[in-house]
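Asks: Keeping their order, the protein sequence lines are chains A and B.
Residue numbers for the first sequence follow our numbering, beginning at 7 and rising by one.
Residue numbers for the second sequence follow our numbering, beginning at 7 and rising by one.
Keep in mind that the hints were calculated from the coordinates and are not lab data.
Mixed in with the good hints, there may be bad ones.
Copies of the same chain look alike in the list, so a pair counts if it works inside one copy or between any two.
Simulated crosslink set (DSBU-like; lysine-lysine; CA at most 30 Å straight-line) [to be verified]:
1. Lys224 x Lys125
2. Lys129 x Lys224
3. Lys177 x Lys79
Number of protein chains: 2
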Amino acid sequence: MGKKLEELRRLFGVVIDIDSSAGVLEWDQQTYMPPGGAQGRAMQIATLSRLAHEHLVAEEMGAALEAAESEVKALDPNSDEVRLVRKARRDFDKARKVPSEWVAEFRRMTALAHPVWEKAREKADFAYFQGPLEQIVELRRDYVDFFAPYDHVYDPLLDDFEPGMKTADVKAVFDELRSEQVALVREIVDRGTPVDDSVVRQKFDEQRQWDFGVEVAKALGFDFQRGRQDRSVHPFTSGFGTGDVRITTRFDPTFLNTALFGTMHEAGHAMYEQGINREFDRTPLGTASSLAVHESQSRMWENLVGRSQAFWVAFYPRLQEVFADQLGSVNLDDFYRAINKVERSLIRVEADEATYNLHIMLRFELEIAMMEGTLDIADLPDAWNAKFEEFLGVVPPDDAQGVLQDIHWSGGMLGYFPTYALGNLVACQLWAKIAEDIPDLDRRIAKGEFEDLLGWLRENVHRHGSKFEPVELLTVVTGTGLTAQPYLRYLREKFGDIYNL
Amino acid sequence: MGKKLEELRRLFGVVIDIDSSAGVLEWDQQTYMPPGGAQGRAMQIATLSRLAHEHLVAEEMGAALEAAESEVKALDPNSDEVRLVRKARRDFDKARKVPSEWVAEFRRMTALAHPVWEKAREKADFAYFQGPLEQIVELRRDYVDFFAPYDHVYDPLLDDFEPGMKTADVKAVFDELRSEQVALVREIVDRGTPVDDSVVRQKFDEQRQWDFGVEVAKALGFDFQRGRQDRSVHPFTSGFGTGDVRITTRFDPTFLNTALFGTMHEAGHAMYEQGINREFDRTPLGTASSLAVHESQSRMWENLVGRSQAFWVAFYPRLQEVFADQLGSVNLDDFYRAINKVERSLIRVEADEATYNLHIMLRFELEIAMMEGTLDIADLPDAWNAKFEEFLGVVPPDDAQGVLQDIHWSGGMLGYFPTYALGNLVACQLWAKIAEDIPDLDRRIAKGEFEDLLGWLRENVHRHGSKFEPVELLTVVTGTGLTAQPYLRYLREKFGDIYNL
């Protein structure tokens, strides 16, 4: 490695140390921090964020970047070196548009908003959270202005999570999906053979749920030497380099799916980060390509693996052993149908695969309305409920099961939700390619063997970190850019079968 | 508050945010961090430490300090404002002598040394830890040089923990103590009625130990809304401002004292930090006056309260309820004698009050020898064992129960141990004054009432933070500087009674 690139890496290493330290503080905030820590934690996070930003946008960094750019000019454009410099340039240029003071204020505000959201959710009362959310949306509008001109006010937000993606692109994909997905759900409800999921809605001891989840996560390939699992209000994955990637889960004592599929979902995220080339630690390449790619990994392990018949051929006997009273006399086929029940449900993270994207689309539309200023925050609960009825045919009984269910807005993460739906598409697109490369994939999963699958993902996706932008990565791996077709095919096939359509 | 002081506070707030963030990272390192996180964590902590140091010694800080000094010149020398500026000056001047690079290297090295020490301890083999310790002592010698000239090579280390105290002062106090304490222990062993502690050496369920410890900590006044308890290899207290002060404990399934008195000890530390004036958060005054004062609080709650007969009048019935099989038929007096058994034991943190300071004195002498260069690190285990036999009449069977038992050296904390012995003295000196101010203290403790005691400590010690230096604080509160007499009187009285001397 050249001297100039070395210097760029050194400077970036400091930025990433600070950022990942703030990450640890945020993880702690959502897992173990006592209530009294909220104010101090907000200050710590704000200070670290400002410092990270100051170091990122420093003149010294700009100079190091230019020097590195000219040093690597003659190298292979696909080399790690060139890619590292390119990613550093993108991060630097974006950060330069934003004042450090905005970053500190945004982080301070969102750190303070988190416990308020938790309280509002606990009380099922949006009114508590309205003020903080108004401030957050206001700050997000200021943020967007730093990137003017733009095609759409939502574009700069989206680009933070999905490099290169435009609001118009998402709208186009969603328009294509919506009609198909609404039609599928209607068909299932109107014409399908009803599915009974009462077997997963019994009492399940929390410690046993925990133990079984850990057993599954280990079997999939989550490395507990380089990670751990804890409890939190909202499940999430948080990585501080490839050596320390943590997941959280939550439990519903009367619903098996919550923790079980939640753990597989987060393990999917975490295995992605654990699989990034270790050489990329403390460099701009040591992150996911995008959040849609990240979500493709979590959704793949949760759904394409975890909700498949093959997976339960391997794991159902063990689950029956753990919950003998509840599942001892339930056959595999009934269990498989139960965990795949399609319904017009309230909670996104527990939604079935057929309705999931509808939950996303309504959030996307609400976020756009908030950012465009056509929706007052005070009116958000009503708008949520109205759109919920329109998209899913049900109205949440309270705000906790409605507009307050997700953590994202309290963290200021507007622009994030669409990546969930895109992630489902990416997962299926990758899966089609994997099925070609590993012809007996189903048979292996049915034996509880995931090494080849994980190996494929490591080789083709994980290890690259953010060396490739998402569409570029998809094209390299599957031969085409983002397409919804594999996803729609998968849904029709799977649910056509379960519901005898 | 004046504008200049405001600016000084703002600048210091940033330093403290970074420092307390590093504190959270260190807490996490010792409680939840997976093994794979060690390298990354070392870099994070090193980076944060360097940044905190850079911000502390910045020209901007020096200018703000001078401006604030002239702004507060006319104010009462005992006002918070003047004291804040004085403490800031001390912190600034000391930090200016040390290069930021040394700080980063020291913190990186000690962060890496921690898991090595844990492993060495697990394997009971000092050889694993020898290399890191050599590097740490080397770094500490470099550190001391920054403060040359000094009377003694150990002085600059001691001054970090005990502002204003000299090695010669400690030697003088220890010389006075040693003969008296050795004589007392000999008298107990040679002439005393033997004490049987088998009742505390039975099997005690860990979860019940945990629950009882939490119950006691709450009763004493530890605020779980502004703190928490976790498990760690070595118990410690870590505060990140008055709103978030955490303790850890560890369990011995066959020895009740370990967790029980460990929890009271750490709760004592934590209540000190929880009791600091909240206005001092994020200022140089928001810390303890010194480590001896800190230790006086932990030892007071652990011993003067927790190992008193009065305390167990209140709590023994409850403990008997929790451990009915083990203690149901043991009377209070036998239990009281068991928890106060004097013995030539191996582990400092579990040592009785009569021998405790001997554990400290031997460490103090070894640290001085290491710093003076008269003891090779390779010879440390032998020197430890020889001195142990000399001071306590026993030889540790292995390094885990000997030279590797304490975390301090892996954290580079040389100069720290003497403060433990001094803390015992301070505790007794304060206690004598408390007994005057709260004449029915014993009766209150016997009813499980600690509000007045905690209130007295809050008012006279806690709230001041580091507004007063330790000897100054002692003088204000008790009328005299540090004296060993109340401590020696307390020991003779208590153990004379228990051992019928």
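Asks: If any of the earlier hints don't hold here, list their numbers in rising order.
Replies: 3
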